[in-house]
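K.L.:
Quick mapping for you: the protein sequence lines, in order, are chains A and B. The first sequence begins at 92 in our numbering and counts up one residue at a time. The second sequence begins at 92 in our numbering and counts up one residue at a time.
Treat the hints as calculated values from the structure; they're not laboratory data. Heads up, a few of these hints could be off.
To be verified - With a straight-line cut-off of 27 Å between C-alpha atoms, the simulated BS3-like cross-links for lysine-lysine are:
hint: 1; chain 1: A; residue 1: Lys146; chain 2: A; residue 2: Lys292
hint: 2; chain 1: A; residue 1: Lys292; chain 2: B; residue 2: Lys146
hint: 3; chain 1: B; residue 1: Lys97; chain 2: B; residue 2: Lys146
hint: 4; chain 1: A; residue 1: Lys292; chain 2: B; residue 2: Lys98
hint: 5; chain 1: A; residue 1: Lys266; chain 2: A; residue 2: Lys332
hint: 6; chain 1: B; residue 1: Lys146; chain 2: B; residue 2: Lys98
hint: 7; chain 1: A; residue 1: Lys332; chain 2: B; residue 2: Lys292
hint: 8; chain 1: B; residue 1: Lys146; chain 2: B; residue 2: Lys332
hint: 9; chain 1: A; residue 1: Lys292; chain 2: A; residue 2: Lys266
Said to hold, decoys possible - If you anchor each label on the Cβ, the simulated ranges turn out as follows:
hint: 10; chain 1: B; residue 1: Glu287; chain 2: A; residue 2: Pro225; range: 28 to 38 Å
hint: 11; chain 1: B; residue 1: Glu238; chain 2: A; residue 2: Asp232; range: 24 to 34 Å
hint: 12; chain 1: B; residue 1: Asp237; chain 2: A; residue 2: His193; range: 38 to 48 Å
hint: 13; chain 1: B; residue 1: Thr291; chain 2: A; residue 2: Pro210; range: 40 to 50 Å
Glycine residues also receive a C-beta, built at the ideal position from the N, C-alpha and C atoms.
Protein chains: 2
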Amino acid sequence: MREQEKKLPVLEIFGPTVQGEGMVIGRKTMFVRTAGCDYRCVWCDSAFTWDGSGKDRIRMMTASQIVDELISLGGERFNHVTISGGNPALLAQLTPLIQVCHEQQWTVALETQGSRYQPWFLEIDELTISPKPPSSTMETDWEVLDEIVTTLTENNRQFCLKVVIMDELDFTYAKQVHQRYDNVPFYVQVGNDHIEEQDTKQLLMYLLERYEWLVEQVMNDDVLRGVYVLPQLHTWLWGNKQGV
Amino acid sequence: MREQEKKLPVLEIFGPTVQGEGMVIGRKTMFVRTAGCDYRCVWCDSAFTWDGSGKDRIRMMTASQIVDELISLGGERFNHVTISGGNPALLAQLTPLIQVCHEQQWTVALETQGSRYQPWFLEIDELTISPKPPSSTMETDWEVLDEIVTTLTENNRQFCLKVVIMDELDFTYAKQVHQRYDNVPFYVQVGNDHIEEQDTKQLLMYLLERYEWLVEQVMNDDVLRGVYVLPQLHTWLWGNKQGV
Chain A
92 MREQEKKLPV LEIFGPTVQG EGMVIGRKTM FVRTAGCDYR CVWCDSAFTW
142 DGSGKDRIRM MTASQIVDEL ISLGGERFNH VTISGGNPAL LAQLTPLIQV
192 CHEQQWTVAL ETQGSRYQPW FLEIDELTIS PKPPSSTMET DWEVLDEIVT
242 TLTENNRQFC LKVVIMDELD FTYAKQVHQR YDNVPFYVQV GNDHIEEQDT
292 KQLLMYLLER YEWLVEQVMN DDVLRGVYVL PQLHTWLWGN KQGV
Chain B
92 MREQEKKLPV LEIFGPTVQG EGMVIGRKTM FVRTAGCDYR CVWCDSAFTW
142 DGSGKDRIRM MTASQIVDEL ISLGGERFNH VTISGGNPAL LAQLTPLIQV
192 CHEQQWTVAL ETQGSRYQPW FLEIDELTIS PKPPSSTMET DWEVLDEIVT
242 TLTENNRQFC LKVVIMDELD FTYAKQVHQR YDNVPFYVQV GNDHIEEQDT
292 KQLLMYLLER YEWLVEQVMN DDVLRGVYVL PQLHTWLWGN KQGV
């Protein structure tokens, strides 16, 4: 089978919408969400990618089928695609998708938690490595993370580290990450631990308060110097809805 | 008089705080606000820099006095300085300040509206050119703006264009700007035309609604493709307060 014809497990394709977080916050983009994750974060906002509840929505698609659907949804209105998961780094065969996006002159962003390396990381234009803090209940594999950061740095890739923060322990973890990789652009982000909240306004008020808390923590800290503190804009706008 | 001893009109020095808008949104930074502006935008949120009301707060400071004050306020907790106004591009003698910041290993960001060029633009690490839309009642000098964009592009500088949007006319203006300079990273930002609102929560709800409106406009547009849509985070957090 030709590389291009290998199929990827896709859970959602949507947009154009606004990237709500991280190094390209605010960017007009399309989203492709792949199925499957090696993590089970207790507060995962996309648990349907791994807990079986989204199983019937998974479609096995070739790169060119994905591109066709992106164009049918977004027409001429976009030039940026974000690949998210789950953990897309579980997929060895992502190169054809990245290539067909580049052929369309689209910029490709991708987020992964840094538990696996893939050679196609080097082809991603805006790569976010987001290791998970203690509140997730997951354990960081520092050896793998070291290897990823070293490889990306040696290849002069544009990438960043991002840590979601729920509490004081997560904050301490974020400082560890920043100290270990102090030359990498570093983002801390307010975690949403109210993923069941259906009242968007209530959720906004809670998240705003948490953002204020995180801003204050970072401003008073002398380890977190070269750092960005951000909310999730899409949650402020749309709460816990999917597909926006 | 030596270059270093020339004095700058400073209205505010504060931080560390979070950069609330534009290409470095979220960045932990210190602010230096200079006095004086060649514009009189009707919705200016810093009118005290030019309407006489802040006159008594202006201090004439040398570059090294400014650095001393930054260190006394921010200690070891920052490595980024944002110079804002007013319009700092009115000041011919900004090079010494930029240089002493660089000697401290601080990154320097600056925002100006693009009505004047200064040779020191080339020394700014993150330069935002923010031409003003029709709702400001100001007129864009396209010749000057062309010259600025051309010079920065030819010198491979990291810079962006940012347009504040209040209404449909401003949106049309933003499209013009993006079409004229389509290779420059482009930010559109929700304007705050409720600068007298004292109730921070009321203001937040209004600005959130306006952000939703702007996101929708941009998502449906096929001219604004390579674009970022952002709010002003500091206004969401702190409303119309100064010095935060």
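K.L.:
Within 27 Å, alpha carbon to alpha carbon, are lysine 292 of chain A and lysine 266 of chain A?
P.N.:
violated, 31 Å
K.L.:
Taking only the CA atoms, is the gap from lysine 292 of chain A to lysine 146 of chain B under or equal to 27 Å?
P.N.:
It is violated: about 41 Å lies between the C-alpha atoms, which goes past 27 Å.
K.L.:
Between the alpha carbons of lysine 292 of chain A and lysine 98 of chain B, is the straight-line distance 27 Å or under?
P.N.:
violated, 48 Å
K.L.:
Compare the distance between the alpha carbons of lysine 97 of chain B and lysine 146 of chain B with 27 Å, and conclude whether the hinted pair is satisfied.
P.N.:
Measuring from Cα to Cα gives roughly 20 Å; hence the hint holds.
K.L.:
At the C-beta level, are threonine 291 of chain B and proline 210 of chain A separated by a distance inside 40 to 50 Å?
P.N.:
Holds - the Cβ-Cβ distance for threonine 291 of chain B and proline 210 of chain A, about 49 Å, lies within 40 to 50 Å.
K.L.:
Below or equal to 27 Å on CA atoms is what counts here, so check lysine 266 of chain A against lysine 332 of chain A.
P.N.:
Violated: lysine 266 of chain A and lysine 332 of chain A sit about 31 Å apart, past 27 Å.
K.L.:
Taking the Cβ atom of glutamate 287 of chain B and the Cβ atom of proline 225 of chain A, is their distance within the range 28 to 38 Å?
P.N.:
violated, 45 Å
K.L.:
Given the hint that lysine 332 of chain A pairs with lysine 292 of chain B, test it: the Cα-Cα distance must not exceed 27 Å.
P.N.:
holds, 23 Å
K.L.:
Verify the proposed pairing of lysine 146 of chain A with lysine 292 of chain A, using a straight-line Cα cut of 27 Å.
P.N.:
Judged against 27 Å, a Cα distance of about 31 Å means the pair is violated.
K.L.:
Taking the Cβ atom of glutamate 238 of chain B and the Cβ atom of aspartate 232 of chain A, is their distance within the range 24 to 34 Å?
P.N.:
violated, 52 Å
K.L.:
Holds or violated: lysine 146 of chain B with lysine 332 of chain B, Cα cutoff 27 Å?
P.N.:
holds, 19 Å
K.L.:
That 38 to 48 Å hint for aspartate 237 of chain B and histidine 193 of chain A (C-beta), does it hold up?
P.N.:
Violated - the Cβ-Cβ distance for aspartate 237 of chain B and histidine 193 of chain A, about 31 Å, lies outside 38 to 48 Å.
Comparing the model with each earlier hint shows violations of hints 1, 2, 4, 5, 9, 10, 11 and 12; every other hint is respected.
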